[in-house]
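*Asks:* Sequence:
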Amino acid sequence: MKNSFGRSIQPVHRLADEYDAAVALWDACRAIVIRAGLLVYLGYRMGCRSWAPAGRIVNSVAHLAAVAWVAVVAWAVVCPIAAVAQNLDSPTASTIELLNLESQFRAVAERVAPSVVAISAAIDPADADSDDALRTDSLNTDRLQRMLDRATRMVGTGFVIDPDGYILTNEHVIADCTQLWITTDDRRVYPAVVVGSDPRADLAVLKIPVGDLPPVRFAPFGSVCRGMWTIALGNPYGMAAMGQMAMSVGIVSATGRSLPRLASTENRFYSDLIQTTAEINPGNSGGPLFNLAGEVIGISTAVILPQKSTNGIGFALPTTPELLQRVQELKEGREVVYAYLGVMVSTATARQRREAGISDGSGVVIEMVERDSPAAEALQVGDIVTKVQDVVVSDSDQFVRVIGRASIEKPTTLSIHRGAKPTSVQVQLRRRQLPSVAIHRHNQRFRWRGMLLGPIPPNWASGGKSAPPEHGLLVLGIDPASPLVKQGVRAGAVLLSVAGRRISGVAELQSIINEIPAEQCKLEIVAPPDGAAPAGPAPQIQRQAVVSGQ
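Using my numbering, count along the sequence shown one by one with no gaps and you end on 975.
Warning: the hint list may mix true and false statements.
In silico PhoX-like pairs for lysine-lysine, Cα to Cα no more than 25 Å straight-line [stated by the list, open to error]: (1) Lys846 <-> Lys812; (2) Lys812 <-> Lys835; (3) Lys756 <-> Lys812.
Distance windows between CB atoms, simulated [what the hints assert, rightly or not]: (4) Leu749 <-> Gly786: 25 to 35 Å; (5) Glu802 <-> Pro685: 49 to 59 Å; (6) Leu749 <-> Pro685: 40 to 50 Å; (7) Ile521 <-> Ala775: 45 to 55 Å; (8) Arg651 <-> Gly786: 43 to 53 Å.
Hints in this document: simulated from the structure, not taken from any laboratory.
All residues carry an ideal CB built from backbone N, CA and C; glycine is no exception.
Given these sequences and hints, build the entire structure.
*Replies:* Listed below in structure tokens is the structure:
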């Protein structure tokens, strides 16, 4: 067996057997030396008595032999004791390597922990501090049940990708949530806003009003291979909602995995996944998967539990250049658009390629064409597609990725083999409709003081008498129990400023409420059709740590 450095590691039972054999050999040698010394001494004593003329000389020699024998016996007794003591103080080389590996695990955890955060939704952070449900030092049935209840309300994990407070996680962690809270490793709690999301790729970028969190480092693309060590940090079952992410260790079991059944039920696309033995539980979703260098190689995304009596199989999205490019687009608030063709495909077999005259190993077979889809007029069942524009496609997953990123503004050229005849067709792709709304800069949502706030649509008008305000956030809805309702605030109003500072977006509001005490946050609101109407400060709210505007 070898460690990550390529050196052999002996199993513990084998080391014990070798040690016992060495001790037995040493005992045998020591017995031989003692017996030989005793025989020499007795021989000299007997020679001294039988050879009288030289008795004095021989007697002296015999005494010297006796002294030598005593020295040999002392050496034979003391040396094993010293050797055992040295073995106890000096571990074997294999043990040292195991200790070094353990130290490496600890070093990675300590270095990356400040970059990993816990995500919770629909939970007031004030409850988290007063409730002992998240204490893990003394779990009982009631506390465990509260933890599970809290976990089902929505928990997840994320990690910092930019020192300005940008956090990456899975989209399914934040789907349908209007209020999110981030807990850092040092137990600070912040409100978060979704900057951008991609439901199909299961990615989301959040932002919190802080600038002192260290971002993670991403591993070079192509460095992931089967058998390498993996380290997962996360928030299983919400147990890390008070900080200190849970850590699990494993290896890369396989790469290039797909989850078509799970993807189809959620209209997502999971391909080229990393399969790992590092334990991934509910709440770990969106967390980072590290290598031994502390670099992110994937995003913990899914776990399959075949049977209750077996361990689950964990999967992580690989941090490919394509994924990182998508993350950058989400970070910039750009809208996510996927192209739609309307076919089901499978990777062409060697026989299908041979019959179609394809020799380069490319090709996907059209298995089904949806009615009234872009493909209905150009493709037939049995066609083999070898290229999309100038990109050669060799398997079904690659074909889906390439089609999804294709343009919907102009026709796309497909190179196909129909029978044994190569040809090409042009298809006008359409925009894919997703069941979950992708979030971008024009439809961000943020809940504050009972108001659900979002960007102002272009068709907004104050009673039809004025143009939309140049800045502000639209009140999309308001909790009937909010104190602002008694002050006349209702859906359709526009929040123009807070504490005298203009609001141009969710990010600005988030920064203001984190910097200014709640009692000083005077609101200026435009309520159609009555024109500008300043609202007084809301009732004082006890602030928790650095959390504002609860």
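*Asks:* For each hint given before, does the structure comply? Return the numbers of the non-compliant ones in rising order.
*Replies:* 3, 5, 6 and 8
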